[in-house]
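Peer 1: Position chain B relative to chain A; hints supplied.
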Amino acid sequence: MVEKNIVEEKHLSLLQKRWLKFKTLKRGYYALVTLTFLYCISFLLPILINNRALIVSYEDELYFPILKGYVPGQIFGQNVPGEAKYRELRKSFKQINKGNWVFMPPYPYSPFEDITTEGNKMYEPPSRKHWLGTDNTGRDVFARLCYAFNISISFALILTIINYLFGIFIGGSMGYFGGKFDLFFQRLIEVWASLPMLFVIIIISSIIKPAFFLLIGIYTLVNWIGMTYLIRAEFYREKAKDYVAAALSMGQTDLKVMFKHILPNSLVPIITYFPFSIVAGISALVGLDYLGFGLAPPTPSWGQMLDVGLQNMSKWWMVFSPIAAQFLTLLSIVFIGEGVREAFDPKEYSRLR
Amino acid sequence: MIPTFLGSTVLVFIILQMAPGGPIEQIMLQMQMGGGVGTEGGGGASSSMTNEGMSLPPEALKELERFYGFDKPIYQRYFVWLGVMPREIKHRDFTFPVNETIYETRVGKKDGKIWKVDIALLKDHELIVTEKDQNSRSLWHAKVDGVNEDGGLDGVIFQKEYSGILTGNLGKSYTYLRPVTEVMKPKFKISLFFGLTGIFLSYLVCIPLGIRKALNHGSAFDFGSSVAIFMAYSIPGWALGGILLVLFGGGSFWDFFPLGGFRSPVEIWEGMTLWGKFIDQIHHMILPVIAWSIGSFATMTILMKNSLLENLSQDYIRTAFAKGLKEKRVVWLHAMRNSVIPIASGIGHILGVVIAGSYFIERVFNIDGFGRLAYEAILSRDYPITLGFLVVVVLLRLIGNIISDLALAMVDPRIRFK
Numbered sequence: 004m005v006e007k008n009i010v011e012e013k014h015l016s017l018l019q020k021r022w023l024k025f026k027t028l029k030r031g032y033y034a035l036v037t038l039t040f041l042y043c044i045s046f047l048l049p050i051l052i053n054n055r056a057l058i059v060s061y062e063d064e065l066y067f068p069i070l071k072g073y074v075p076g077q078i079f080g081q082n083v084p085g086e087a088k089y090r091e092l093r094k095s096f097k098q099i100n101k102g103n104w105v106f107m108p109p110y111p112y113s114p115f116e117d118i119t120t121e122g123n124k125m126y127e128p129p130s131r132k133h134w135l136g137t138d139n140t141g142r143d144v145f146a147r148l149c150y151a152f153n154i155s156i157s158f159a160l161i162l163t164i165i166n167y168l169f170g171i172f173i174g175g176s177m178g179y180f181g182g183k184f185d186l187f188f189q190r191l192i193e194v195w196a197s198l199p200m201l202f203v204i205i206i207i208s209s210i211i212k213p214a215f216f217l218l219i220g221i222y223t224l225v226n227w228i229g230m231t232y233l234i235r236a237e238f239y240r241e242k243a244k245d246y247v248a249a250a251l252s253m254g255q256t257d258l259k260v261m262f263k264h265i266l267p268n269s270l271v272p273i274i275t276y277f278p279f280s281i282v283a284g285i286s287a288l289v290g291l292d293y294l295g296f297g298l299a300p301p302t303p304s305w306g307q308m309l310d311v312g313l314q315n316m317s318k319w320w321m322v323f324s325p326i327a328a329q330f331l332t333l334l335s336i337v338f339i340g341e342g343v344r345e346a347f348d349p350k351e352y353s354r355l356r
Numbered sequence: 141m142i143p144t145f146l147g148s149t150v151l152v153f154i155i156l157q158m159a160p161g162g163p164i165e166q167i168m169l170q171m172q173m174g175g176g177v178g179t180e181g182g183g184g185a186s187s188s189m190t191n192e193g194m195s196l197p198p199e200a201l202k203e204l205e206r207f208y209g210f211d212k213p214i215y216q217r218y219f220v221w222l223g224v225m226p227r228e229i230k231h232r233d234f235t236f237p238v239n240e241t242i243y244e245t246r247v248g249k250k251d252g253k254i255w256k257v258d259i260a261l262l263k264d265h266e267l268i269v270t271e272k273d274q275n276s277r278s279l280w281h282a283k284v285d286g287v288n289e290d291g292g293l294d295g296v297i298f299q300k301e302y303s304g305i306l307t308g309n310l311g312k313s314y315t316y317l318r319p320v321t322e323v324m325k326p327k328f329k330i331s332l333f334f335g336l337t338g339i340f341l342s343y344l345v346c347i348p349l350g351i352r353k354a355l356n357h358g359s360a361f362d363f364g365s366s367v368a369i370f371m372a373y374s375i376p377g378w379a380l381g382g383i384l385l386v387l388f389g390g391g392s393f394w395d396f397f398p399l400g401g402f403r404s405p406v407e408i409w410e411g412m413t414l415w416g417k418f419i420d421q422i423h424h425m426i427l428p429v430i431a432w433s434i435g436s437f438a439t440m441t442i443l444m445k446n447s448l449l450e451n452l453s454q455d456y457i458r459t460a461f462a463k464g465l466k467e468k469r470v471v472w473l474h475a476m477r478n479s480v481i482p483i484a485s486g487i488g489h490i491l492g493v494v495i496a497g498s499y500f501i502e503r504v505f506n507i508d509g510f511g512r513l514a515y516e517a518i519l520s521r522d523y524p525i526t527l528g529f530l531v532v533v534v535l536l537r538l539i540g541n542i543i544s545d546l547a548l549a550m551v552d553p554r555i556r557f558k
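In the order they appear, the protein sequences are chains A and B.
Counting from 4, one number per residue, gives the positions in the first sequence under the working numbering.
Counting from 141, one number per residue, gives the positions in the second sequence under the working numbering.
Treat the hints with care, since some could be wrong.
Calculated cross-link-like contacts (lysine-lysine; reagent style DSSO-like; alpha-carbon spacing at most 30 Å) [stated by the list, open to error]:
(1) A:K212 - B:K327
(2) B:K212 - A:K212
(3) B:K327 - B:K312
(4) B:K417 - B:K329
(5) A:K71 - A:K24
(6) A:K263 - A:K242
(7) A:K124 - A:K97
(8) A:K97 - A:K71
(9) A:K212 - B:K417
What follows is a set of in silico ranges between Cβ atoms, one per label pair, in the way DEER data are often shown [stated by the list, open to error]:
(10) B:E467 - A:A236: 34 to 44 Å
(11) B:I154 - A:K29: 46 to 56 Å
(12) B:L535 - A:A236: 25 to 35 Å
Keep in mind the hints are simulated off the structure, nothing from the lab.
Ideal Cβ placement from N, Cα and C applies to all residues, glycine included.
With the rest of the complex left out, here is chain A (with noise of 0.2 Å):
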């Protein structure tokens, strides 16, 4: 009861009571936590799973072959072309017994490495060595999942962000000065609208083979529809209000009160959508990746690995892995867009969308 007393004393702002509120959604909490956590896990990938070294020491020196990159094998004395074999080099040092030994990081595989390097086969089910088994091309699945779900957020956290840049600031001045501006761009949004945009996307992205920030500009260009009619929605609502004349009265320019008086009053049905579209873009690079034209090959994706997966119907492990990884990820972002939603705009009922 005493700290309820305190918290009510400092006289919280309304961000700060949201948070707190959305902090008693132990669905989407966790989910957030969980998902945050896994996201910043998910950069330091390249030392969790990797079949690098991270350290060797051989005859009394120390290699960081993590950082340094390629090292030959003929360094640590091991008779192979090309780069040292690190998993082979740990079984040999270890048998050989003369204090050189190899530090390997936790999942000693990597999501490129296929059938060509170190003893890996083709359709190997899941196993204690392949957690997730391997695919077509004796590629580590759970090295490549993980690798996927990084890129994955992350192009759809930066999808999102630019679009959002594009929404505010176009719906923004759309709803904001109206008149033919908003006539304008009203009627090129309805034209942009009547297209299958996934198709438009495909055919873009047939023309020109899209690299990760590429994809993101072909995106961005038929996806800033959506999130420009809820913002001009909300500045046209916004614009209407008392709080806005007495700014203009007092001589503010047009742009600090879009972006400093309107802005902020706008917020929520910004931050609520954010989830869904996170959804959205993650759908959409899956699915673009399955029909070949997401991102370019060797990159790992889950929409690419169910492709592969689908085509070998009966290693289950292939389609399953990619499907169950997606499947939680959207999973855990809904109930974080959920409980967002609860906690900004509180209704008796949960709604998505």
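Peer 2: Same frame as chain A, now just chain B:
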């Protein structure tokens, strides 16, 4: 609406026209690979393309460009494609002899007789065509292509024809070498069949489920179905289709359903009894339709539930209860009528989305449908089909909007068309 349609066709046309790797490049590529390619019509361009491993001779290239209309600026191509400008067909080259003003040439046969025309040269390099023995003077046209080295004029004679998307002609497919509409028709039927079944089933499930959830808000049933809805929302329909196939398609687990396809192969299909066909069709359709309808399952159920809940908390419901009406009457007559409004307004919209988004499911289940056709058209750069697909989808969406408006007017007494 019509401006919207035209605007979107302009956009798509521009995007596609800027793309490299059109039909001409494809034919050149195929020639370099050593394979012969026969282009229908176009006036014997293919027969002259015999030099192997090299690029096309310039005449043949010109012939091809003419055939596909690539010798024109982009805005003209657009209008031709739309059907408001004439399309030039049946090109024939001729050379005007030096210092002559009239030239007679054969253009083909008509009614069993050789069809000849006179081409008269006016000043300023203008050409006038008169047909011999025929009354229809305006069928053939001619224009000057350039002056050759002898001083004579190179010209081309052609027919004009108004045909484009506005007259229902979507052009001819580069890969199938048949009219696009003809290629699309059977595939569209398949997709429509699946789409309508899927929509129907999802309405059949979602509306009662949403109502039940709203009436039992907060109960165990509500909670349990919410979990299912969250899961359905987090998995795309085609990915679910993949799981279903692996589980029930006879890969590593059970073998209940076929691996894909619209129905059994034609040879087996023809030998079946009517009842057998019926069973076979359903057998093939169960998994795809589940995958198809899962997409709208979550949103529609929640929409139904929320709109009913919102209405139930309104004052007029309290008034109705206060009047002493029975709960059944209040819920089903008063609240329901207002609650189906958002559902009804989405009814037309869904159709366009379902048809347009079918490339995933059709690819997973190997169904030879509309979306798959479009997907393969993009892969093979078959622009008439790609454009045709977009035209059909945009039209479907616009029609869907009209259907939505009509449905809305039907269920919402406040909206009336004048």
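Peer 1: All the hints need checking, so say for each whether the structure fits it.
Peer 2: The hints, checked one at a time:
The suggested pairing of A:K212 with B:K327 holds, with an alpha-carbon distance near 29 Å, which does not exceed 30 Å. Under the criterion of a C-alpha separation no larger than 30 Å, the hint pairing B:K212 with A:K212 is consistent with the structure, at around 28 Å. Between B:K327 and B:K312 the CA atoms are separated by roughly 16 Å; this keeps the pair inside 30 Å, and the hint holds. Between B:K417 and B:K329 the alpha-carbon distance is near 17 Å, which keeps this suggested pair within the 30 Å criterion.
Among the hinted pairs, A:K71 with A:K24 is inconsistent with the structure: their alpha-carbon atoms are about 47 Å apart, more than 30 Å. For the suggested pair A:K263 and A:K242, the alpha carbons sit about 13 Å apart, so the restraint of at most 30 Å is met. A threshold of 30 Å between alpha carbons decides the hint, and for A:K124 with A:K97 the separation of about 24 Å falls inside it, so the pair holds. Restraint check for A:K97 and A:K71: satisfied, since their Cα atoms lie roughly 24 Å apart, inside the 30 Å limit.
A distance of roughly 44 Å separates the Cα atoms of A:K212 and B:K417; the hinted pair therefore is violated under the 30 Å criterion. The hinted window of 34 to 44 Å between B:E467 and A:A236 holds, with their beta carbons roughly 37 Å apart. The hinted range of 46 to 56 Å is satisfied by B:I154 and A:K29, whose Cβ atoms lie roughly 51 Å apart. Taken as a hint, the range 25 to 35 Å holds for the pair B:L535 and A:A236, whose Cβ atoms sit roughly 28 Å apart.
Going through the hint list in order, the structure does not satisfy hints 5 and 9.
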